[in-house]
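With the hints as constraints, model all of the structure from the sequences given.
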Amino acid sequence: MTESELLELYRRMVLLRTYDERSVVYHRQGRIGTYAMFWNHEAIQAGATFALGDDDWIFPSYRESAIGLLRGMPAEMILQWWRGHPSGWWNPADWNVASIAVPIATHVPHAAGLAWGKKLRGEHVVAMAFFGDGATSEGAFHEGVNFAAVMNAPAVFVCNNNQWAISTPIEAQTRAETLADKAVGYGIPGVRVDGLDVLAVYEAAREAVDRARAGGGPTLIEAVHYRAAPHGTADDPRAYIDLARVEAERAHECVGRFEGVLREAGLLTDELVASMRKDAEDLMRAGITTAEAEAPPDPELVFAHAYVDPPPNLRNG
Amino acid sequence: MAELTLVEAVNDALHTELARDENVLVLGEDVGRAGGVFRATAGLLDRFGADRCVDTPLAEAGILGAAVGLCMAGWRPVCEMQYDAFSYPCLDQLITHVGRYHWRTGGRMQFPITIRMPYGGGVRAPELHDDSPETYYVHTPGIKVAIPSTPADAKGLLAAAIRDPDPVVIFEPKFVYRTARGEVPEGEHVVPLGRARIAREGSDVTLLAYGAMVPVCERAAEELAGDASCEVVDIRSLRPLDEEAILASVAKTGRVVIVHEAPRTVGFGAELAALIAEQAIFDLQGPVLRVTGFDVPYPYWTIEDSYVPSVARVTQAVRKLL
Ligand SMILES: Cc1ncc(C[n+]2csc(CCOP(=O)(O)OP(=O)(O)O)c2C)c(N)n1
Ligand SMILES: [Mg+2]
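Line order of the protein sequences matches chains A and B. Numbering-wise (my numbering), the first sequence opens with residue 1 and increments by one. Numbering-wise (my numbering), the second sequence opens with residue 1 and increments by one.
Hints in this document: simulated from the structure, not taken from any laboratory. Only true hints are included.
Pairwise CB distance ranges (calculated): (1) B:Arg39 / A:Glu292: 57 to 63 Å; (2) A:Thr174 / B:Arg39: 40 to 46 Å; (3) A:Asn91 / B:Ala19: 30 to 36 Å; (4) B:Pro126 / A:Ala244: 54 to 60 Å; (5) A:Val261 / B:Arg47: 53 to 59 Å; (6) B:Arg124 / A:Asp181: 43 to 49 Å.
All C-beta atoms in this analysis are idealised placements derived from N, C-alpha and C, irrespective of residue type, glycine included.
As structure tokens, then:
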């Protein structure tokens, strides 16, 4: 990686971290609705997507809601999603970022289908899907990964193993020793990486993306870390989590860790860090201002877009 | 015109539409090498190749979920569900994504998915090869549903579904797959969604039905011919629904019997009855009656004839109204 690539990767992590921390504040201020924070998941999201080209597709879950920022999606668009405003429903084709998947694992077959469909058209596009450890217990995960494997589709499945699915720990989710082991059952490579080491995540993703693009089929990447924040703004983890463990995890969070690496290499100065943070904060400030200035949605939109060609009695209620 | 069975007409539609639009592809379990367990997809693999007639893993949610991604890549997927009751695993994708994704993108991406499946009983099969699941599908916003009863409509409605910009589910009455024979236009043939068909004209009683219940109603009408003139309306398209044709027939006869194989409670007949109650109550000369399956698991095949609405049950209902 070049110096500028390393700095760009760091900038992306700062962008995500800032989005996340500001969003929690906005939630407390009543400016956005329920929010699923991704604090300390930035290395996985920034690292894995750094291996993608702009034509490649990203299939996020709610945990990766702001991943479009890395493609230049305006912050207000994502903020509006969390504000329940229809302008937060972006056009996936504009960003090659699919809609946020709320039902766990159900987007995994979509990634398989897109990767396979592009391959059928002779386009060398890779689909990367993000989902959690809990998602690997769902049938849709199994059907999607198996489908991609059988079709030799250029897909990369990134499992964010934060070891919790709300209050359910990974031991209650699976008897498998690792989630990467599940790849064996699909006949595809499974890789386990430190989810707080952005370079390790990037390296694993790059290998997977290269292999997929070269016709080598899908890869399952398990990025291991530990959820160091609540599941979402409505969750109180004190009921089920060991807070001392959470404190310990927070002490070696991923953005600071990468910052240390870059500083040690002499690539990062205080000024650069400050300016990246300021840019990200400005982006968020502008984003929430724009979002809040937007007119409330027209109730007519209730009927909009349910169909391309709607049945005549759609408005009978 | 060629005389075809209903399943041959389905096959004809698939051949015609795949030849017409290179973005159409067929996927499902055993649709390629075997040509489908009912032969509905026969010949497609040889003619269009393995990329456009795809044998998939045994995974109904995977098939429909992959179809969502295929649409994002510019395809118009036609998914076969091998049987009615084996489509249930795909309902998660149908409800959470297929019916919502166009809306979710603010109307900017289209998901022109067709799902087709054989449905209904009477074929002396083991458990779960006989269901009539249309209600689950019609109840799902964002989805359209059509059910042919004749070979010509089987071809024309499937073609309309494939060309439609919205997701459409086609239920094919497997009981009459090979017994329904009829003239089918050659080449391109489209029957627009949203138009009912008057299968038989009459003036005393309206029989509303779809799929394999249409011929049952036609036979009932024949039997009653000396006593009552029955109009048989083949609904064909459950959504969009041809309310006009239904209400016009009710206005003419003032008496209605609705017939479907699916269980009674919240079956599509309840929707039709509500429509008539709301919009045609003053045309009615008696209660709207339903002849339906029962609220029980579809029975063992040795006793299934006691479940599926028969000509006798339909004529009995009609006589109550006279
Ligand atoms: C099909 C489905 N079931 C249940 C839920 C409710 N739910 C939301 S998040 C979640 C936990 C998911 O855990 P995991 O897959 O590990 O992802 P994480 O939240 O840790 O990123 C659950 C049960 C849902 N969204 N979808
Ligand atoms: Mg988790």
